[in-house]
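Enquirer: Fit chain B to the known structure of chain F by using the hints.
There are 2 protein chains.
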Amino acid sequence: MPTYSIGVDLGGTNLRIAAVDEQAQVLERVTLGTQAALGRDRVLDDMCAAVRRTADKYQNKASLAGIGIGVPGIIDLRTGMLRESPNLPGWADYPVRVEIEKRLGTRVILENDANAAALGEKWLGAGRDFDDMAMITLGTGVGGGLILGGRIWHGMTGMAGEFGHITVEPDGHPCGCGGRGCAEQYASATAVLRMAREAIASGRASGLLRAASSDPEFSAKAVYNLAIQGDQEAKEIFRRVGRAIGIVLATLVNGLNLPIYVIGGGVSSAWEAFSPAIFEELRQRSMVYAATAPPVPAADARRASAQVQPLGSSKTIIARAMLGTDAGLYGAARLALQGG
Amino acid sequence: MPTYSIGVDLGGTNLRIAAVDEQAQVLERVTLGTQAALGRDRVLDDMCAAVRRTADKYQNKASLAGIGIGVPGIIDLRTGMLRESPNLPGWADYPVRVEIEKRLGTRVILENDANAAALGEKWLGAGRDFDDMAMITLGTGVGGGLILGGRIWHGMTGMAGEFGHITVEPDGHPCGCGGRGCAEQYASATAVLRMAREAIASGRASGLLRAASSDPEFSAKAVYNLAIQGDQEAKEIFRRVGRAIGIVLATLVNGLNLPIYVIGGGVSSAWEAFSPAIFEELRQRSMVYAATAPPVPAADARRASAQVQPLGSSKTIIARAMLGTDAGLYGAARLALQGG
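Chains as they are written, first to last, in the working numbering: chain F, 1 to 340; chain B, 1 to 340.
If we strip away everything but chain F, and leave its shape as in the complex, we get (with noise of 0.2 angstroms):
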């Protein structure tokens, strides 16, 4: 009997089911509003019960190995609980891994979303040909996910892979985080708004004004449409975007020297935007890149994908995610397939 795992995306907004087996046969896929505001025991009631459907299908057919489940926020591993989860009230503290084991009766494993989506674009993605990988999702904020050896690196306490709260102007804008300058306030949807609304602020941006004055839902894409027609002030804000995850690229590179580095999340759909100040500051900063760059037209957006190239070519790729938004449901389902 073939074995199969379901994965789970569970978002502040949608909560999504895959069934996938170990052949990456994506067997059945579900997508549930998540009710959050409904308390966290209707979100759990909802999980379960479309869980137990998708089982209960397969249970002559297939072997489940057991469910993975991707959630914003930081998870202790050793417990299984939320520390802290802003989009998903009232998690924290919560023994969600237990809790979700004793009602379905099989092994769960509880992980972090930017490191699920990692490890599902190493699977399946932009990170296939690879053992070694790190990921940056650029989202509402900057997450990450290093693949160590084909495992997600979880570090000490889980907490790896915060690639977005790196320092990339030491006296830059502060975060959330307590720091200063981290990439995320860069290069997260919420820094290009943020960049925007200061241009405009500023009155050099008679473009940007225009477009947030004539749109109620003025957004990162809104700013992005503008850099590509050719608006200086939105240029510039997509060449800070590619300036910080060029320094942090830069870093990891230096740091590490893996043979692939993956971009994803909403804002990397503006890569035409931001990437050639990637690979201006990766050359400039990282001898290890310029010793180990491709030979491929760096601004080459179309090409991005096309770079990725088999182990032991000893190139170094910065190339686009592959999965979109299904990288961490099908990384959920991988942890499941892996063990952990």
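These are calculated hints, taken from the structure and not from any lab test. Careful: at least some of the hints might be erroneous.
[To be verified] Label-pair restraints from in silico Cβ distances:
hint: 1; chain 1: B; residue 1: Glu280; chain 2: F; residue 2: Thr13; range: 37 to 43 angstroms
hint: 2; chain 1: B; residue 1: Glu280; chain 2: F; residue 2: Gln25; range: 51 to 57 angstroms
hint: 3; chain 1: F; residue 1: Met1; chain 2: B; residue 2: Glu280; range: 19 to 25 angstroms
hint: 4; chain 1: B; residue 1: Asp131; chain 2: F; residue 2: Leu32; range: 38 to 44 angstroms
hint: 5; chain 1: F; residue 1: Glu236; chain 2: B; residue 2: Gly176; range: 26 to 32 angstroms
hint: 6; chain 1: B; residue 1: Glu28; chain 2: F; residue 2: Gln23; range: 55 to 61 angstroms
hint: 7; chain 1: B; residue 1: Cys48; chain 2: F; residue 2: Glu236; range: 55 to 61 angstroms
hint: 8; chain 1: F; residue 1: Pro174; chain 2: B; residue 2: Arg78; range: 42 to 48 angstroms
hint: 9; chain 1: F; residue 1: Lys57; chain 2: B; residue 2: Ser314; range: 40 to 46 angstroms
hint: 10; chain 1: F; residue 1: Gly150; chain 2: B; residue 2: Asp131; range: 14 to 20 angstroms
hint: 11; chain 1: B; residue 1: Leu32; chain 2: F; residue 2: Glu236; range: 56 to 62 angstroms
hint: 12; chain 1: F; residue 1: Pro174; chain 2: B; residue 2: Asp41; range: 40 to 46 angstroms
hint: 13; chain 1: F; residue 1: Ala24; chain 2: B; residue 2: Leu32; range: 57 to 63 angstroms
hint: 14; chain 1: B; residue 1: Ala92; chain 2: F; residue 2: Glu236; range: 37 to 43 angstroms
[Stated by the list, open to error] Just a few of them, taken from the derived set where beta-carbon distance is under 8 angstroms, the chain B residues facing chain F:
hint: 15; residue: Ala36
hint: 16; residue: Gly39
hint: 17; residue: Met159
hint: 18; residue: Glu169
Beta carbons are placed, not taken as given, at the ideal position from N, Cα and C, and that holds for glycine.
Expert: Chain B alone, transformed into the frame defined by chain F:
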């Protein structure tokens, strides 16, 4: 018959050799001047003769596992050649490993000296109770070494651990690597001296000016002595040293979440002057550190090595190196014992 290995620390000035057994008993030590000026072949002759004398002596008492050699510079692990080594002119692109293996008829492992030092501290020094460790070596430059799972983490091409080239001031002082504001430009002996000269040139550093004028061998050590005596400008220089190291450490803690980070090299003897700024930066810039910092007065230099705690306590330890200039020698011996 017990097993032993021979470690070689091949510096630009000294060539040191130690025979060490698996229980870390030092069987023999030899120090020779490196006749670097007389050329590569002379140094190789001297080294091989000294190694052979030692090996002959233990021939019937212990089994030689191999020879580990720590060298300054970038090493191509695959070919066993130096790619670049400013302190050993004429050694680049010469088949060092193959040549020594041929001469001595035993296995030779070549390693970057900062990596060897990290492995030495892991084996017998500050990191001995830990499997995962990063070391920062503050010397003429700033080197680094990363130990994961008890072994040197080389990365794809053996260039990992270049912590001295992590950006700490994005628009800061130009670095020999081609970057700007690398940690090396603020935390090396060279940087201390440069910052002292800058302070003197600014006209605001009368204490430093006096010391520099009266001492023909004015050095980083002299700046440290002034700082300890309370000279404000000298203190400020070491505050900048600590800030740079603190930013690098915050990056490593946020990214890797290791249990221990070891600070070594000649400049680390100025610990009292720069360590308060390290802990200040770390607490501010790393949630991970703040969540795992040991309850020890951060600035208490005398307790720094007592901060080392056993595995499982889930505390992030920042410790001074314990082996001084022997770290690389022991690390080189260890390399041969553990087979790379």
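Enquirer: Look at each hint and say if it fits the structure.
Expert: The hints, checked one at a time:
no.	hint	in the structure
1	Glu280(B) x Thr13(F): 37 to 43 angstroms	39 angstroms, holds
2	Glu280(B) x Gln25(F): 51 to 57 angstroms	53 angstroms, holds
3	Met1(F) x Glu280(B): 19 to 25 angstroms	58 angstroms, violated
4	Asp131(B) x Leu32(F): 38 to 44 angstroms	41 angstroms, holds
5	Glu236(F) x Gly176(B): 26 to 32 angstroms	30 angstroms, holds
6	Glu28(B) x Gln23(F): 55 to 61 angstroms	57 angstroms, holds
7	Cys48(B) x Glu236(F): 55 to 61 angstroms	59 angstroms, holds
8	Pro174(F) x Arg78(B): 42 to 48 angstroms	46 angstroms, holds
9	Lys57(F) x Ser314(B): 40 to 46 angstroms	41 angstroms, holds
10	Gly150(F) x Asp131(B): 14 to 20 angstroms	18 angstroms, holds
11	Leu32(B) x Glu236(F): 56 to 62 angstroms	58 angstroms, holds
12	Pro174(F) x Asp41(B): 40 to 46 angstroms	59 angstroms, violated
13	Ala24(F) x Leu32(B): 57 to 63 angstroms	58 angstroms, holds
14	Ala92(B) x Glu236(F): 37 to 43 angstroms	42 angstroms, holds
15	Ala36	23 angstroms, violated
16	Gly39	27 angstroms, violated
17	Met159	4 angstroms, holds
18	Glu169	6 angstroms, holds
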